[in-house]
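Colleague: Take the two lone chains and join them into the complex the hints point to.
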Amino acid sequence: MEVEFKIEQHVTPTANRIDVQGPLDENANLPGVTLRPEIHLNLDKVTAFNAIGTRSWSLWVAQFQGSTKVLLTHCPFIMVKNFGSVRDLITPEMEVISFYVPFYSPQTGESHNFLAVKGVNFSDGSILTLPDVKDSEGRLMEPDIFPETYLSFLKR
Amino acid sequence: MKSIFKEYQHLWPPTNSAAMQELLNKIVVGHFPRDKVSIKNADKNSLVVVLKKSPLKHIITLLEQGVEHCVQEEREDFAEELFASTLMALRPDIFMSNPIPFFFNGFKAFNAPVPKEQNIVLPFSSNAGKATVLDRLTGFLDYSLEMASLKSLCLQVADEMYTNAVFNAPVRASGVRPFAHLPRSSSVQLPRARSCKLFACFSSHRVIIGCEDNYGSLMRGPLLLHLHNTFKDSSVSVRSGKAGAGLGFKHMIENSANFYVLCERGKRTLVACGFRLRGLKANITTSKHVHFSFR
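Quick note, the sequences are listed as chains D and C, same order.
Just so we're aligned: 132 in the working numbering is position 132 of the first sequence, and the numbers increase by one with no gaps anywhere.
Just so we're aligned: 81 in the working numbering is position 81 of the second sequence, and the numbers increase by one with no gaps anywhere.
Note that these hints are calculated values from the structure, not bench results.
Take these hints with a grain of salt, some might be off.
Claimed, not checked - Quick look at which bits of chain C chain D covers, simulated, 3 or more residues with Cβ under 8 Å:
no., region
1, 142-148
2, 158-165
3, 267-281
Quick reminder that beta carbons are idealized off the backbone N, C-alpha and C, glycines included.
So that you can see chain C by itself, here it is in the shape it has in the complex (with noise of 0.2 Å):
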């Protein structure tokens, strides 16, 4: 397997590819299924994985085997995804400590400033407030008529988020999640140092909507378990019962085109979902980059 550099220098002009070099060169590629058995030996921590057209269930595999970043080869937005693996395995700090500059410059310049009108940035501390929050990010999307074609699939990823964020994430040091187990009627409240927020941003291309919550709670294993058996079948039954019904991570996945979970241990985790302002079929393609980086 060789570096996206040497694989992939093409992709970018001789001048920016210069720059990026000293980066490129630290990520190896490998391609699936072709190097299924290097990639599954590679070190994650330094491998991005090429599919074409490869549906959910060979990523959810992939990321079984540790794979953090899993990148479609056929899609137009394919070397931006590359550079943003490359960022997010080398520099996860940058990102998780403000991800929208990543987001809007497409991970070309992510210090550049995000002009304040392409941009929104909506904390909460609680259940009571997402309709609230939910109707200013209804008025964010209706920006643009490429926004508004997508408000049902971003309101409906937003939503699973919000909830996520308030419900699941908040944990006690013994390891209980004392909201988890409630019905999502009921009134939560989480403490101000640990509120969260969500946000979203866009570009000519794309719109991301994200949550970011201050647990950094998310577990791997657990998620993949509950990823497999979501994809396993066309179908899936609702989860009985008072708390989640299991399905906030399948509209997540499904609505976007773009899947980014990151969490540092302990302190934060990000979840957001990029849509391309091409209509709902370019995000519901099953063809999806989905980065999965837990520190």
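Next up, chain D with everything else stripped away, as it sits in the complex (with noise of 0.2 Å):
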């Protein structure tokens, strides 16, 4: 079914928590932000990410530069892949806070998606582990990326 894309602010003195939803493209209208000390980036619920909207993200993310500290969490694996090849997707302000893993079990052909959490999956830089991922049949599930591209955007 169609989401549609929003953007919902939630503003407190210190912070303002964005959520992110529905398909980021030609049609989201990604509006002005109230800046505060700290931005939380929730994109748990962004949909897609084609080429416009990846241009629409990266102009978007420009009004924060200078002022404020920028936190992304739940980073789909859509947008992660891109953070590490295209340029100016994560600006210095930006600090990601979580983003999701996709494992892969080539036995039952199962997808799942776990979230790496920094300092507990990840830090600056590296990854430090990740969990046994099983499939609906017990066997271990592979990470289903290449770490060097995937994860390239911790090494800047």
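Modeller: Written out as structure tokens, the structure is:
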């Protein structure tokens, strides 16, 4: 079912928690943001990220430059895979707090998205640990990424 | 350089290879980098270049020399892609007129029917219908766990194909592309005779997403220059301005294991991506089969 793009801002005196939802594409209206010392961008419900959405994102996040700390949470695979290969998707103020690591089971064809969290599963520059993820038949699933490219944004 | 048949006949069962012999004998194999000088001078209409775990940079260099088919030898679908290259080189008209059986049957029995539930054709003629088309494609991809695991890659590719077909493909007789400079949120309606179609089909081991327009306006030179600039460094900048962001082909090529472009000048362009039903990694691999045919 089609989901409309939506942004919800939850502003407090010290932070603005922004939930981004739906397809980040040419129809996504990215509004002005109430700046606070901390901006939390929750990307858990981003459903698509096309070329135009990529450009809109890079222009939108440029407004945060120099003034605010921006924390990204629940970054989906479709965005993370571009973090290392498209410039300006992550600005110097941005810190990735959590992102999804896809797992795959060659035996059952199942996939699973594991949420990697800073300080628990990764630090600046490297992955610390990923848990054992099992498919419905109890077999270990494999991380379905190439770490050198997918995680390259950690080394910036 | 030898013919495909002479060098690789062992890849097909004897009964099949005898039947294929005539076709496979007409196409020559060049190995990159070993045969790079001979490749440069060869007749590109009857050449397939075989590489081994070669990155896109090498493939783009070969395409710039006029090569049309680059196939990676270490991949398990190598034999299939060799034969695909042969058919695309020798019988492009059959391929272009109905590509689904080619993709579905793995190029072996390209006239055999494709089960209804294993393919979908989604016509469109305006950008307003994109969400609906992608929604139907989503439903199609949910048919199996293997396809569902690739949904984000497939949908991103389909999205870019759709947008290219509506905004970049239309061209007037004067050569002007009336919609190419427009913001992608603009409303564009194509004439009925020029409507496009997005299609998908799957077999036991792969899913294909493709898009066909009725303009045939894709230009080999500018596209190659764009790809060269896109892949020359490890990261790329987004194109500024209001029209395309310049990332569509990047997404198509990076997301898929196989990439096909067939353009019949002035008539139609077919762009398709092949995804292996083995998780994301098997597709975002750097070792890609690329076919690039302009007639």
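Colleague: Determine for every hint whether it applies to the structure shown.
Modeller: Status of the hints after comparison with the structure:
1. Counting residues of the region 142-148 of chain C whose CB lies closer than 8 Å to any CB of chain D gives 4, which reaches the minimum of 3, so the coverage claim holds.
2. With 3 residues bearing a CB less than 8 Å from a CB of chain D, the region 158-165 of chain C meets the requirement of three and the coverage assertion stands.
3. Check result for the region 267-281 of chain C against chain D: holds, 5 residues qualifying (beta carbon to beta carbon below 8 Å, three or more required).
In summary, this structure violates none of the numbered hints.
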